[in-house]
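Novice: Below are the chains, spelled out letter by letter.
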Amino acid sequence: MPADMRTYLAHVELPNPILTAAGCAGTGRELAPFADVTRLGALTTPTITMSPRAGRPTPRMAETPSGLLNAVGLQGPGIEAFLSRELPWLAERGVRTVVSIGGGSVAEFSALARKLTGAPGVTALEVNLSCPNVEDRGRVFARDPSAAGEVVSAVRTGARYDLPVIAKLAPDVADVVAIAKACVDGGAEALSMINNPVGMAIDVDRMRPALAAGTGGLSGPAIRPLAVKAVWQVHAALPGTPVIGMGGVTSGRDALELVLAGACAVAVGTVLFHDPYAGHRVLRELEELLQERGFDRLADAVGLAHRPSHRTDREESSL
Amino acid sequence: MAGSPVQVTGTVLTMRRVDAYHAMTVVAPGIADRFRPGHFVTVAVGGPRTSTLTRRAFAVHDVKPDYGGTVELVFTVRGAGTAWLADRRARDPLDLIGPLGRPFPLPRDPASCLLVGSEYGAAGLFALADALQQRNCRVDFVLGAASSDRVFGALRARRMAETATLTTRDGSLGVRGSVVDVLPGVIADTHADVVYAAGPMATLGGVTAVCADLDIPVQVSVEELMACGIGVCMTCTVPVIGDDGVTRMTRACVDGPVFRGERVRFGDLGTIPFDAHGAPGGDRAR
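Chains A and B, in that order, are what the protein sequence lines are.
Residue numbers are given in our numbering: position 33 of the first sequence equals residue 19, and the series is strictly consecutive.
Just add 298 to the spot in the second sequence (first one is 1) and you have our numbering.
Some hints could be false.
Unchecked claim - Here are a few chain B residues that face chain A, going by a calculated C-beta distance under 10 Å: (1) S349; (2) R353; (3) D364; (4) Q432; (5) C534; (6) T535; (7) R546; (8) V552; (9) L567; (10) G568; (11) P571.
To be verified - Quick partial rundown of chain A residues pointing at chain B, CB under 8 Å, derived from the structure: (12) A11; (13) G12; (14) S37; (15) R39; (16) M47; (17) S52; (18) N56; (19) A198; (20) G200; (21) T201; (22) F259; (23) H260; (24) E278.
Claimed, not checked - Take a look, some chain B residues computed to stay more than 10 Å from chain A by CB distance: (25) A321; (26) S410; (27) I528.
Calculated from the structure, these hints are not laboratory results.
All residues carry an ideal CB built from backbone N, CA and C; glycine is no exception.
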């Protein structure tokens, strides 16, 4: 019998645990020719900002071993264009949509939350904490527990009570658990991790940085161990908080690794650039792996790796 | 209409060397059916457990109805991904997505068309030449490269076009110099009504400048680094002036790769123009 794949983000039930990561699935329209986006657990939008953003100059991308460095700079049309053009397309098709939001100040985050709260088709808000805080010399919110908690609490206050708020954490911080706790204290119902750690590559032929912006976010299988560690630590400290695991997932095995570390949902990101059908493939593979291992429910596998190992096999339970 | 792109597992039919380039023919019926000149395809490289995640984008040199539909790609080995691709042999599977992008617009009435190609960018122009000739357009070619072995399709261009002007930077074939240097003369000789160009950005900028001087419409197929080819990764953006006169960072993969030359801000490549939609500080200026 196939395993029950349902999962919960706060009180919101998703039919399956596979999401797309912010900025990796476009606004749904781009993926639609290759895969049925309504069958995803949820689609996460690119980070939406208050005003339109042109992003960073090109080159914005550099391929690294098993990874990708990017410095797109949150290019997007701004919240008004998102609400009038992009969200309705998703809502009409019934795509469960997590809207990622980003701002340069606490007030901007809270204004975005208020604008999105009544909009039809929004399943949850994801707070992109890896945004520079213009009011604090460009220090990234995700690096500072109090700033992260403050932003989350502003979004929680701005959004309606029944709209779950997810905080997206960065891995390149001193203590991810402290940030996670601050976000949950600020009112986050769920946490997603990890955002891209910052990296850099230099083109040795041109003898200059490979990206126009100099540094960029590293994604892809190269960062998966960072994701497993972050999910593991946060699940151990906050076992009751739903965690969406992401970072270099390319197969069902990768997804299962994050589930066993404590994620109740898993997002695919960079792999969608490689294979736009990857979300559905990862879901099928994860289902098969759970079934092979005798699980009736996905929920039974969440965080299982934290339990002490024992030698008895499941088949021997007849004793 | 061209229809939407598809993802298929194609089968390599033939691999051959064409001067400095590799030409690969792949059986990919769904893509061949939908193809129009100017479309491109992307290829996943490195096999199922690849460590190179970005897809490689290629112009389509030719489509044929054989075996239900084949597409031919032309490429040169520039890194690990194209090296892997060059090692493919007949019957190997290949993950292809296509046809992608916006194709070349074709003139409604017969016109004199000049096709300008630099390096292997020229590969994408031959399907266009076929389509133009079917519409009774006059076709002329200007093909150029650094050296003679890198001039792609010279023989085919000579055979099919009214005239084919070749240029090499080292003077080993045709005129010494670049395609841009000979362009004013060729436009005058062929009475070109419209110019189509493909190749590196610097060449396209030069071609566009010449055409703007002579007041001739020019369509360019741009080359910008892509990761996905389907419009999700936002890395292949180019500053392009829209119909409303506003410059936007425009995705070459879904809104291009073909643009009207004068709409592309070649001088501002690699920057965010200060007046672009959403440029830093733009909301304060307005």
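Novice: Does C534 of chain B meet its interface restraint, that is, does its C-beta lie within less than 10 Å of any C-beta in chain A?
Specialist: 8 Å, holds
Novice: If you take the shortest Cβ to Cβ gap from P571 of chain B to chain A, is it below 10 Å?
Specialist: Interface hint status for P571 of chain B: holds (8 Å vs cutoff 10 Å).
Novice: Under 8 Å is the threshold here; is the Cβ of S37 of chain A close enough to any Cβ of chain B for the hint to stand?
Specialist: Constraint on S37 of chain A satisfied, holds at 5 Å.
Novice: With 10 Å as the cut and Cβ atoms as the points, is T535 of chain B at the interface with chain A?
Specialist: 6 Å, holds
Novice: Does the CB of R353 of chain B sit less than 10 Å away from some CB of chain A?
Specialist: This hint holds: R353 of chain B lies near chain A, its Cβ roughly 6 Å from the closest one there, short of 10 Å.
Novice: Could you check if R39 of chain A really has its C-beta closer than 8 Å to a C-beta on chain B?
Specialist: Given a least distance of 4 Å, the restraint on R39 of chain A holds.
Novice: Identify whether the interface hint at F259 of chain A stands, where standing means a beta carbon of chain B within less than 8 Å of its own.
Specialist: Because about 4 Å separates F259 of chain A from the closest Cβ in chain B, which is inside the 8 Å limit, the hint holds.
Novice: Please verify that hint: G568 of chain B, Cβ, nearest Cβ of chain A, below 10 Å or not.
Specialist: At 5 Å from the nearest chain A Cβ, G568 of chain B passes the 10 Å test, so the hint holds.
Novice: Confirm or reject the statement that A321 of chain B sits farther than 10 Å, beta carbon to beta carbon, from all of chain A.
Specialist: Given a closest Cβ separation of 24 Å, the condition holds.
Novice: Check the non-interface label on S410 of chain B: least C-beta distance to chain A beyond 10 Å or not.
Specialist: 35 Å, holds
Novice: Please settle this one: I528 of chain B was flagged as non-interface, so is its CB more than 10 Å from every CB on chain A?
Specialist: 5 Å, violated
Novice: Using the nearest Cβ pair, does M47 of chain A come within less than 8 Å of chain B?
Specialist: Since the shortest Cβ distance to chain B is 4 Å, the answer is holds.
Of the numbered hints stated above, those contradicted by the structure are hints 3, 4, 20, 21, 24, 27, listed in ascending order.
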